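Enquirer: Starting from the two chains in their separate frames, assemble the complex, guided by the hints.
The residues making up each chain are set out below.
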Amino acid sequence: MSNYPLISLAIWTPILVGLAVLATGSDRNAPLARMLALAGAIVGLLVTIPLWTGFDVSSAGMQFVELRAWIPGFNINYHLGVDGISMLFVLLNSFITIIVVLAGWEVIQQKVAQYNAAFLIMSGLMNGIFTSLDGILFYVFFEASLIPMYLIIGVWGGPNRVYAALKFFLYTLFGSLLFLLALMYLFIQSGGSFSILDWHKLPIALGSQIWLFLAFLIAFAVKVPMWPVHTWLPDAHVEAPTGGSIVLAAIALKLGAYGFLRFSLPITPDASHELSGLVIALSLIAVVYIGFVALVQSDMKKLVAYSSIAHMGFVTLGFFMFSAMGIEGALVQMVSHGFVSGAMFFCIGVMYDRVHSRQIADYGGVVNTMPKFAALFMLFSMANAGLPATSGFVGEFMVILAAVKFNFWVAFAAATSLIVGAAYTLWMYKRVIFGDVANHHVAELSDINNREFLILGVLAICTLWMGLYPEPFTEVMHASVNDLLRHVAISKIQ
Amino acid sequence: MFDNFVVPNLLPAAPELFLAAMALFILLVDLVVKDGRRTVIYGLTQLTLLTLIVWRGIPYFRAIFLEQPDAFEALSQITYTFSNMFVIDMMGDLLKLILYMAMSVVLAYSRAYLIEREVMNKGEYYVLALFATLGMMVMISANHFVTIYLGLELLSLALYAMVAMNRDSVASTEAAMKYFVLGALASGLLLYGMSMIYGATGTLEITAVAERLFGGGANRTLLVFGLVFLVSGLAFKLGVVPFHMWIPDVYHGAPTSVTLLIGSAPKLAAFAIVMRLLVSGLFVMVADWQNMLIILSVLSMAVGNLAAIAQTNLKRMLAYSAISHMGFMLLGITTGVVSGDAGNLLNAYSASMFYVIAYVVMTTGAFGMILLMSRAGFEADAIDDFKGLNKRSPWFAAIMLMLMFSMAGVPFFIGFFAKFSVLQAVVAAGYMWLALVAVFFSLIGAFYYLRVVKVMYFDAPVDETPLVAGTNMRLLISANGLAVALLGMFPQVIMSVCAYALLRSL
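Here the protein sequences line up with chains A and B, keeping their order. Under my numbering, the first residue of the first sequence carries the number 226, and numbering increases by one thereafter. Under my numbering, the first residue of the second sequence carries the number 29, and numbering increases by one thereafter.
In case anyone wonders, no lab produced these hints; they're calculated from the structure. Just so you know, these numbers come straight off a predicted model, no measurement behind them. Even for Gly, the Cβ is constructed at its ideal location relative to N, Cα and C. Heads up, a few of these hints could be off.
[As the list claims (entries may be wrong)] Here are the simulated distance ranges between beta carbons:
id : chain 1 : residue 1 : chain 2 : residue 2 : range
1  : B       : V61       : A       : Q334      : 33 to 43 Å
2  : B       : S104      : A       : L241      : 37 to 47 Å
3  : A       : L422      : B       : G227      : 21 to 31 Å
4  : B       : P494      : A       : N385      : 49 to 59 Å
5  : B       : V521      : A       : L241      : 17 to 27 Å
6  : B       : G230      : A       : L422      : 31 to 41 Å
[Claimed, not checked] With a straight-line cut-off of 30 Å between C-alpha atoms, the simulated DSSO-like cross-links for lysine-lysine are:
id : chain 1 : residue 1 : chain 2 : residue 2
7  : A       : K426      : A       : K655
8  : A       : K392      : B       : K206
9  : B       : K150      : B       : K62
10 : B       : K150      : B       : K206
11 : A       : K392      : B       : K415
12 : A       : K630      : A       : K717
Chain B on its own, in the form it takes in the complex (with noise of 0.2 Å):
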């Protein structure tokens, strides 16, 4: 009966199917833990999170400090499991080792906030954080359509539920709502695309997809059609304009914690997403995405940066922030090929996933920032509450200032770099008007990043009360900081493995 059954190779999957084991094993663990002892479930989360990252860590580091070759063969391996439904490559990895990374950040930054907020300290809420983790390791390695949705599904269920974890707060209730509608309408456009290019097509498997087109003879029309609805659905997902609507309202009704989540790791799925699809499987129709990217990019950083200046909420301002920073990215995308020519595409493409990585580190640091200035019963998420906080921590003062200067672009912070390496792969690519658009509204978005820079240092505090985040919390977030700094004065490590990674996986 079982003669068709081929056992699938399991083995480039392990690190998900490990995550899965030990999410499921927690879930279990939380019904014999009584709600005082949540310490237990915390622990367990990240412990499977260090794990993986010293798993998956260990590679890199015998490659890049060791300088072993063989480390590197080893990485540089292209594997396909599951009928070449998940593919495992040196991009995903990469973005891998970063997710588990930011997400054992994300939810240590977490913890001290959900100890202060009884209602949302519940086992759920750590094994709900690695459903969506296992989800975007699903959405980074796919190499087919089911697949992606799979993981996209995955992760904004698990997403959906965390933003409306605080039950009795109307604002985060209302933004479930709205991240939940709006969240399952593009997976539809996603879903309604993907379904378009299958019927001009007939396959649903990327690499699969990109031979057929490279074959030539799909319907065009269609094409075109399933393209515009992949990348509206893309573009909601990235939270690029005119897709943006959901990231201010759901960055600023959820949780703050969950609000770190949902702005920093998802950003490096999206980009897997988009690198997966548009780039591994319709690459033939390179010349009519890059400009549709292009107009995403334009309009984000417009949008973004001047409606981040009206805002008075520090969490909108970041979501606008966001909005505008995945605009830049997008740039880099938009420039892998010009005129037909692909000498470009690695240094292009590398640059985005370098920028991905550095907004990653730089929003986890801001929104942490938050996280630590918070009590029980106060959210510090008004610009205002940090008034004067050069008076009353100088050393977190600093920090938020290299987060602020970093995120503005100013040098030496890895923000700058970030910026450096796009706006680089534009000019490179002849577009000099994509480069001055791009540079004109970084200055504007450096007036509201200065103004929290102002805030801090210039005005008198209102709110006296010291500081009384924990330890562990002070220590991470300074690192999170220093981080900023030194990633910034030798930046050439991830932008090399950035660029080695894709040229072994592209």
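Isolated chain A, as found in the complex (with noise of 0.2 Å):
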């Protein structure tokens, strides 16, 4: 099996399809783009199936490792693979892709080929993100993908799209150009090699890797986003088409994270403990005081932005307490925020698609005339706000579990959440779900169609899964983790 190049199949299959979706041209070809756009959606993900089925679990190191010279000049390669950390995230996207088709099939009537096209290509090269073993290649895909998501934005997004996806684009450049430069420098160090898994092993000394760090941290946290970079999330989330919202949320947040496990602990392992206070104290800030502003959004999309960044504060945390427990808990939470905002996001899109405001003061009452729909907003409110047996939970518990061993003020900071957490998820859900009917809007509500119950109910069933059993979540990342905290547990400093 591991013959075929899975990984490139996983990357060029919806860039390509992308591209082909792309000639469909005008508007009148909209059904055939559609069709097309998910078959290339659909056929994305099953070549992604077998790198979860065929995977080692037993086995730390790269899997399917594909290696191809690039640029020979600067020993630049093609090269990719997957460990346990990364693997999920592969297949995350490649689901979230058909979700993001299926959500679009309706309310984007305009540009559709443009539309469909720009998620695909988007999705190919987020996968590239995750499996890219070089240096540069994962810068190239990393840039990139941001070209996509400006479009995005700027194209189908509301009234401020513009400020927006300008926002989202030059914030994460700004970040990812001190990466480039950390790239460039760490070839210099390492005596001429891009390869990610070669600078794992590279001597570095303290004062650099501090530089180094810093600069890693400045790219992840923009992307991730941390206080007090987070600014343009809520922004580019509000503006952003449903579609948009999804993709963000579910899966460009966690490049950022991806990148702290895949170049800021094992490359800079020294400065990482070093700086691991500012990087927890960041974490709690986004925990405590963000979970607070959602509390005061009068906009539901802004608010289940800020909460995304409190839970990927608990991302962050988790990381950086240097414990299996915590790293776990933290992806587990990754993935389970990829179902539960994704989720959020598209509840949010399917009242704006009939009501046209995300305005909490606008709805009321919506289960008089929404039943299915109250039901499973229900369920994701509730993992949104960690309730056990959904995603939600696992995550933050195995974090906080492994804060209370590593400090119990961080625990106990990090333990508020749950409450802050449940406050506006759930205060929300009650201004908008119950009580009376609020206005004609609401009592003219139709409850969600086929189409909208099926994307509801699949991720549902992954949220419910991922809360009554994550094992298979877990155990293959068992390996990758416990290898990366034996790593990371060496000094490197000579």
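Expert: Below, the structure written as structure tokens:
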């Protein structure tokens, strides 16, 4: 099985199908564009399934490796592979792509081909990010994925889309340019290699490690996003179309967190230990402060956007406690957040498509007209609040457990987020769904159709599955996470 | 009487001689061709350039794609002729090959634009373009101060005339005057610098200057003064701050087809004379001129990128972008020697050479897009003219998108690898602060390129007229856009050819 270039297929299938979708051209061919995009997304997921079924859970090394020379002049290689950390995200990404194509099925009536193509191309590029083992290849995918997202926000977004798109692009570019310099510095230090795996073994003095770590931190903190460089996210989310929000929350935010595990921790372990206090502090601010910020939002999308920042705070917190429990909890939280935040944004999209408002104040008593929707929305709200038996609980619980071992007060601060998280999510749910029918818009609402039910149903199954039986997800991580921790424990200063 | 006269070896200069002969021939043919039949002139001009492309391209094709060692060997020869005033080496040969291609594409883009503007569609236009090409070729192959000056003036005089060709336009005339006066000043600076170096070394021949300087004993004060004037003159020709004033006005005022010409191919020649004068000639003073170039480079990136933000005219914006790009390109040349160690030399110079080539490919496409959008009586040179292009023509909007992202240095486009290789050279030289400055201004630069994309994709069109460009133009500009993407995915060939060419020429 591993003889086939499976990862290349996972990257290039969506991109090539995306180009084909682009070729269908004008909106006269919109049905064709949609069908082609859906087919491409499904094939894109199917080619990634062997990555999971054929995955050797006992091995911590890279699997399904592909290695070809790309730019020999700079020793840049087309080097791909997955380990227990990255494999799940390739699947998650390919899965979310299907959801996104379906989510835009009826709503998007303008430039349908370009819309679907942008998502497919972005999906392929993001698979590339998760699987690159060459620094420059990673960077190329990392930055190229900005282009489709910029267009998605700017073309199909809300009223303030131009500002949001530009802010998104420039913020991320700022981080990634420093990251590029760090890569070049490592290239020189390692005597001419861009291989991430070589860099993992490279001894680096503490001073250099700290600079590298800071460069990585800026790049990934913007992407995660961590407080205080998070301000682009609420803007981007609010203005992006539903599909864009889903991809942003479910996948794009994971890229930054993934970067910490692939670059920061293994390449600069000593600096990571040295500066872990900083990252933990920033994470706790995100968890607690941003949680309170979410509480006061009047726009549902903004509320979920802030809750995403808080949830990602848990992820970075989990990483920098250097325990298997913490890192695995954070990884579970990432996957779970992919399902839950995607579903939350989709739910808001469902209401927005009908009422054209995201203001909580414009709703009330939705349960009276949309009972099926209200039930599913309830599940995802609970998952967002971290209710046991949903996927949201598992990750947060593991991270808090790791935090208790690490430092009681850190755990205490992190645990308050369970209360705040429940407060803002459920309060929003109460105001939107319960009560009497607020106005004639709500009275005229029609319940979700089969397509919407299918999307939410599948996401609900995933959420419950991860919540009740997380074993299949965690077992693939064990070997790689333990290997990572062993590696991080060894000083690289010589 | 002619005993002392030895016929020089004409073979190395054969392409130049061929081009000169063709230019004169076309000038003659133009006398008998009526105004409505300019196609003949255009055809002959293109034939000349295509002949050169095929003629000089075949050895490269054999060397790179057929991997024939004898072809490599033949290309790697360095030959001097005309009493060492003229040199043919692989760097020059390669730059010239790209020059022919660039000129051929430039003229093809200009074709429709010129036909719609009868006042410029004269035979002279094409002849002047060929003489400009000849001037650039002479500059590229110069091994003598006078040869450089000769080539430079041949290029400049042709360009002055071309800028002024649209006689009825006040803006064009003003641009031509400015260009002429400032160009003359720059030539003066260059000549003054050359004369001082002649005073210090007693020779005008570039390789001989280098030998004398290695020998030592030259008057250093005189040399440094000469160097300052020389660098000023070069900076003017490259269009870097603080000698950039002419760029925005000339780019803006000149007819777009001429702007396209000025903005693309001459950068190759300017790069070549920088290499000839500073690297081949005054290498002993590398520490001095590197510092000068660092200042020029940082200022150019700052002024170019900041001023470009404020522009509403696309030609003007691209002019400031050209300033910043040339600043970025100079970065590579500034990092060749670090505290006496020339280990980074090849890496740094080939990065700059790759940057120039990439820049020419991108800028040709960008100005080509303006020409594509222009119609009779309508210059599509305001950024707002691109509003809603995605609605009018998704394909060309996508091409422009690729060009803009490439200029901003976003992968997978060639502009990224151009920036990457220069930055890599800077980091390898240990100038981390310089790399940070470059990266910072690149970020600012991204803003105005993104604005063009924004206008095309996010705004509604004001002008619903379909594009009227002919099939040739459409195909060519599509090829240009795709080249930016394909060379971005596979930059290795050009990168390694640049490195090899410099290895064999320095």
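Enquirer: Take the hints in turn and mark each one as holding or not.
Expert: Against the structure, the hints come out as follows:
1. B/V61 with A/Q334: 33 to 43 Å: 55 Å, violated
2. B/S104 with A/L241: 37 to 47 Å: The hint (37 to 47 Å, Cβ to Cβ) holds, given that B/S104 and A/L241 are roughly 40 Å apart.
3. A/L422 with B/G227: 21 to 31 Å: Cβ of A/L422 to Cβ of B/G227: about 59 Å, so the range 21 to 31 Å is violated.
4. B/P494 with A/N385: 49 to 59 Å: Given a distance of about 31 Å, which is not inside 49 to 59 Å, the answer is violated.
5. B/V521 with A/L241: 17 to 27 Å: Since the Cβ atoms of B/V521 and A/L241 sit about 23 Å apart, the hinted range of 17 to 27 Å holds.
6. B/G230 with A/L422: 31 to 41 Å: Distance hint for B/G230, A/L422 is violated at roughly 58 Å.
7. A/K426 with A/K655: 52 Å, violated
8. A/K392 with B/K206: Since the Cα atoms of A/K392 and B/K206 sit roughly 39 Å apart, the hinted pair is violated (cutoff 30 Å).
9. B/K150 with B/K62: Holds. B/K150 to B/K62 sits at ~10 Å (cutoff 30 Å).
10. B/K150 with B/K206: With a Cα-Cα distance of about 23 Å, the restraint between B/K150 and B/K206 holds, given a limit of 30 Å.
11. A/K392 with B/K415: Since the Cα atoms of A/K392 and B/K415 sit roughly 20 Å apart, the hinted pair holds (cutoff 30 Å).
12. A/K630 with A/K717: At roughly 26 Å apart (the allowed maximum being 30 Å), A/K717 and A/K630 satisfy the hint.
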